[in-house]
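With the hints as extra help, turn the sequences into a complete structure.
2 protein chains.
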Amino acid sequence: MKMSTRGRYALIIMINLAKNEEGYLSIKEISEKENISIKYLEKIISLLSKAGLVCVGHGKNGGYKLVKKPNEYKIGEILRVTEGPMEPAPCINDSNCDKKDTCEVYSFWNGLYENINSYVDDKTLADFL
Amino acid sequence: MKMSTRGRYALIIMINLAKNEEGYLSIKEISEKENISIKYLEKIISLLSKAGLVCVGHGKNGGYKLVKKPNEYKIGEILRVTEGPMEPAPCINDSNCDKKDTCEVYSFWNGLYENINSYVDDKTLADFL
DNA sequence: TGTAATTCCTACCAATTTGGTAGTATAATA
DNA sequence: TATTATACTACCAAATTGGTAGGAATTACA
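Protein sequence lines, in the order shown, are assigned to chains A and B. If you read the first sequence in our numbering, its first letter stands for residue 148, the second for the next number, and so on. If you read the second sequence in our numbering, its first letter stands for residue 148, the second for the next number, and so on.
Among the hints, a few may not be true.
Since the list gives no way to pick out one identical chain from another, each pair is judged satisfied if it fits inside one copy or across any two copies.
As the list claims (entries may be wrong) - List of simulated lysine-lysine pairs, DSSO-like, C-alpha gap at most 30 angstroms:
(1) Lys212 x Lys190
(2) Lys190 x Lys180
(3) Lys246 x Lys216
(4) Lys186 x Lys246
(5) Lys166 x Lys190
(6) Lys246 x Lys207
No wet-lab data here; the hints were simulated from the structure. Fair warning: this is a prediction, and the values are worked out from it, not measured in the lab.
If you want it as structure tokens, here you go:
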């Protein structure tokens, strides 16, 4: 039950972009500020970019910036890009299981799932400014 | 953010023992009922045994049984034996970090941590009977 | 007292995930 | 057109996950 560095770094990246709403922020700047390798950040931010959470400026003075306002980003939205759906047990979205309505174990894991997701979806990037 | 099979199987084992409060239940019986390999179950139950959550009957007609009543086992107690502390981020119990009281990121992860733990500590084995 | 049933312990192993690094291509713009 | 960025592809080591194998120790019971 841990979040990988991908998810944690993705959040850090997004907070940095949120604090720099005016212009583009380059990977290099984030890397230096947060002490995370450029190459690894590059890999993580490309996930955010492909998911359409950030937009790209190429060339000189380029970098990344948010496409929405900070309060429009649920943290869950960011984490799911790098972590996938945060399901504690594989049965959560198993359409082959037809006993969900009576299974005590399913309802336990599903409750945890809903708990986690409502926590992360209840907070936005704006909460970090 | 997933629970490994160790944690999930540990819960299944404990539910089986709870349903068999009278006597000893062998790994073989659990294995056959739940379709999980004997050898893997053996490994997981030895963690529960070392942690003192179950007691052992050796030799013929032996097996395992609970040492407490089902309602005295918090699920969190069981999961932490196989999963360790369920900390989403390593900073949660990092005594070297002295910025916790002002760090927004820490307070976010810590909130998630408390959320998860209060969920799993709020339920007991008796809820599965 | 012997044997079957059971746990205990140590070691091993393959697949996947995690946390990166390296090098080159491509794109934009000053 | 040179420079500064991102984009893409490939690779890699370490840790974790999810097991398996084999034998030793313990106990019940015939």
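Right, here's what the structure says about each hint:
For a Cα distance limit of 30 angstroms, the shortest separation of Lys212 from Lys190 inside one copy, 16 angstroms, qualifies, whereas the shortest one across copies, 49 angstroms, does not. Proximity of Lys190 to Lys180 under the C-alpha cut-off of 30 angstroms is restricted to the intra-copy arrangement: shortest distance 17 angstroms within a copy versus 45 angstroms between copies. With identical chains, the CA atoms of Lys246 and Lys216 are at most 30 angstroms apart between copies only, with a shortest distance of 27 angstroms across copies and 42 angstroms within one. In this homomeric assembly, Lys186 and Lys246 come within 30 angstroms of each other (Cα to Cα) only across copies, at 27 angstroms, whereas the closest approach inside a single copy is 45 angstroms.
Proximity of Lys166 and Lys190 under a CA criterion of 30 angstroms is satisfied intra-copy only: 21 angstroms inside one chain copy versus 49 angstroms between copies. Within a single copy, Lys246 and Lys207 get their C-alpha atoms no closer than 57 angstroms, and across copies no closer than 35 angstroms, so neither meets the 30 angstroms cut-off.
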